[in-house]
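Put chain B on the given structure of chain A with help from the hints.
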Amino acid sequence: MSNYRIQGATGEWEVVIGLEVHAQVTSNSKLFSGAATAFGAEPNTQVSLVDAAMPGMLPVPNRECIRQAVRTGMAVGAVINKWSRFDRKNYFYADLPQGYQISQLYHPLVGEGEIEVILDPKDPEGSTKTIGIERIHVEQDAGKLMHDQHPTMSYVDLNRSGVALMEIVSRPDMRSPAEAGAYLAKLRQILRYVGSCDGNMDQGSMRADVNVSVRRPGEPFGTRTETKNVNSVRFVMAVVESEARRQVDVIESGGTVVQETRLYDPDKNETRSMRSKEDAHDYRYFPDPDLLPLELDDAFLEECRASLPELPDAKRHRYETALGLSAYNANALTADVEVARQFEALLASAAGASGKSEADVAKRVANWLLSEQPGVLNAAGVSSDHPKNTVEANTAIVVATESGLISGSKAKEIFEAYLTTEIDLAAEIEANKQTSDTGAIEAAVDAILAANADKVAEYKGGKENLFGFFVGQTMKAMQGKGNPQLVNQVLKARLA
Amino acid sequence: MTDLTELGVAAIRDGVAKGDFTAVEVAEAFNANVAAAQTALNAFIVATPELAVEAARATDARRAAGQPLGKMGGVPIGMKDLFATKGVQTTAASHILEGFTPEYESTVSQKLWDAGAGMLGKLNLDQFAMGSSNETSYFGNVISPWRRSDGGNAALAPGGSSGGSSTAVAARLAPAATGTDTGGSIRQPAAFTGISGIKPTYGRCSRWGIVAFASSLDQAGPMARDVRDCAIMLEAMAGYDPKDATSLNLPVPEWEAGLSADMKGKKVGIPREYRMDGMDADVAASWDRGIEWLKDAGAEIVEISLPHTKYALPAYYIIAPAEASSNLARYDGVRYGLRDLPDGAGLQDMYAATRAAGFGAEVKRRILIGTYVLSAGFYDAYYTQAQKVRTLISHDFKNAFTQCDVILAPTAPTAAFGLGEKTDDPLSMYLNDVFAVPASLAGLPAMSVPAGLNREGLPLGLQIVGKPFDEQGVLNAGLAIESRAQFSAKPDKWW
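Residue numbers (this note's numbering), protein chains in the order written: chain A, 1 to 496; chain B, 1 to 495.
So that you can see chain A by itself, here it is in the shape it has in the complex (with noise of 0.2 Å):
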């Protein structure tokens, strides 16, 4: 149970969460013509006879597009429908060519589904929340409209129109700002895993629409409004956030919540009111008839199934168990596909270079890729997709490290140096081999303690802190290439 309450004049007030996402599937053409969907095409370019609803015109469904959503419902655990229907949600607008967009509102390609949701990224063992989804439907996105064009017109860009959605539907099952963050952002994962979304919400590929109300604890439901389009994780804790405390004020002052569509303004972090359900449309859904029912057979959802990927859930798991990393780090490699997918390349390939198990140096590949590598790229200036930060490279300096030959803090210089400048990273990791020869070390150390007799009568008088100089001082002196543990128990040994 959640424990977040807003605090009104009144009293405690508990917050009520439901969150209807629409999710772009990834796919070639649209969702009923050939047409293409690539983002920021030119205005009108990616527009077929039947996107721009030409008389005579006819939708025919793209395999691809139920496909996805298909898959997505899988990912989700959710009833696939074998028996589904498009129906026409019927209303004018300059931005919907056909002056009705093609939905499903009676039989939805998914039903009931849930995913679980860990409340706190930084503490992935703390609790987690089962949350419902109610159902799953594919729909076609409208086109844009232009009003800085011209002076007194506005114009419409149909790229978009005819695209594929999926509109995800939970229950009412979230408490908390952090709740519907968190499910926004494990659908977003799931998505991104299944390949079905890019799951880019700056793009618009992903959105949603942030159902709120609020109660005393324990009491039915009180009225929602729905906050359109929200396109950030952090938006939506926002808009859960502000609108809780609107309603929790609108009712503390003897007025009543209406039910109603509002839109988010991320500069005054406040919804404000779009249509209220007076002058709601009446959609006048009925089925397409220019479509039959969507039928799908065994060996279809078998072929879904099959080519589904390893999930988030079960990949975290199986880092914890078989590869033997933290709970934190396990969570954290596989929060993003893409990071995910580094590791498996980089933990296989360093696996193989050095002869050894995965198991064996996924702790080492996994500490270079969470704390190390990103302070290397942060300080070289280079994103993670710089053409140099290849596997093979990345493979040079984890195994040299794994195995003794180059220190920790070598590695993060060497690969710096190969990013920016022009080395041979191998020369450069046996040019900065560490030596584990105590006599060059004791030398080493004796020389430093010999040139700072006032240091050490001072660590010996109990300032022991200065521990950390001396060694410093040695590593300097050996150009970093001595063994640290070893320096340690020489200067531990001498200091004694």
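Don't read these hints as lab results, they were simulated from the structure.
Heads up, some of the hints might be wrong.
Derived DSS-like pairs (lysine-lysine); straight-line CA-CA distance at most 25 Å [claimed, not checked]:
hint	chain 1	residue 1	chain 2	residue 2
1	B	Lys364	A	Lys89
2	A	Lys89	B	Lys398
3	B	Lys266	B	Lys364
4	A	Lys82	B	Lys243
5	B	Lys243	B	Lys264
Showing chain B alone in chain A's frame:
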């Protein structure tokens, strides 16, 4: 030399193939008739004589080169102006599409051109195919070439919605024409003008590129002088089209080769419920003659029951307008066709002004009906109920076809009526489709063939309804009637 415009599809195809005459001679003869009749009959919205000649030249060139001429080689036809034709204005007889010239060709018309046919022009029709008399066209009424034998000159309806098609074929402006049938729009005009027409099984002809009226009912089909010509042309029009999700993925039978007027071993069902109180005596008599002809052809006559017949028309006038109200939403003034943008108007004002100016009264009536029956609170009472009736009607036919192979009935309750006689009373106009609509709701193949003249000298049609996909059975029963009816009447040329 023979008057080439007296020839039908088969005769033209065979004559061109044999070299009795050239395709260009045929095209020019029909082009001349089209031009001469336009003022009086108004059958065409746009004539395209140059396209007819161009196609004919191609056919003649193929013949000269010894190449095959195609099923419709050398045959010029009229194209109902509901089919999109690339580069030629396509209006659905509405103001809202006036001047609209598609960049694409409908599947059915393309198949006809591929089969060697040429286009004489785009034929007039009821606006958006909504009507039974061709009086709802924005481009004026089509006048039937037929007149009553009472000596009066009353202008008669050619039927609808394919009224331009029926008039063109009956008046020898074209040997054949395309029609579309949603609730009788091929069969009723064929009956009114003494020609043949078949609506195939729903899904036989692709709907791609045909301006939609009611998607679950619309079917294209041929209208021609006789059954053989219909069979030839239907072969050219039919076939699976991946661009239409409701298209039947079945091979196209060789209907012409399968023609036979021998009905031995066949059972013909006579639906009890079609014999209505106060039925027109001439229509009843022609039905009885049809029964005798089919007996004579060897068929066994059985009485059948289609108990839900009386609910067909009300169900049709819910389903068809419901679909139309949605199908016609795309005519909004935004992308093509008419745009009426009053000064200072916003988007909603533009919609209202455009649609008010662009749609005729009957189209508006059906959009209103359709919008109403789909509205929240009325949907279940009307639309859902009508769909249930539709299912029951399909079951009626399914049951009936366990007892018979085809069903025989009149095509329409009366012969052609006068223009203006029913325009003030939409319900009496709708009643004209009472015998045609049940087969449409069930998606069954059905055809009308001429069966004689009534006491006023006007043609009457008989309708044959068949099992799904059994166009052959329908055509053969039609041929059995045609060969016995010996219908040779044609309108006196007064235009």
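(message) Checking one constraint from the list: CA of Lys89 of chain A to CA of Lys398 of chain B, max 25 Å. Satisfied?
(response) violated (33 Å)
(request) With a cut-off of 25 Å on the C-alpha distance, tell me whether Lys243 of chain B and Lys264 of chain B pass. (result) violated (40 Å)
(request) Decide if the proposed pair is consistent with the structure: Lys364 of chain B and Lys89 of chain A, CA atoms, cutoff 25 Å inclusive. (result) Judged against 25 Å, a Cα distance of about 20 Å means the pair holds.
(request) Measure nothing beyond the straight line between the CA atoms of Lys266 of chain B and Lys364 of chain B; if it is 25 Å or shorter, mark the hint as holding. (result) violated (45 Å)
(message) For Lys82 of chain A and Lys243 of chain B, compute the direct alpha-carbon distance and say whether it is at most 25 Å.
(response) holds (23 Å)
Comparing the model with each numbered hint stated earlier shows that hints 2, 3 and 5 do not hold.
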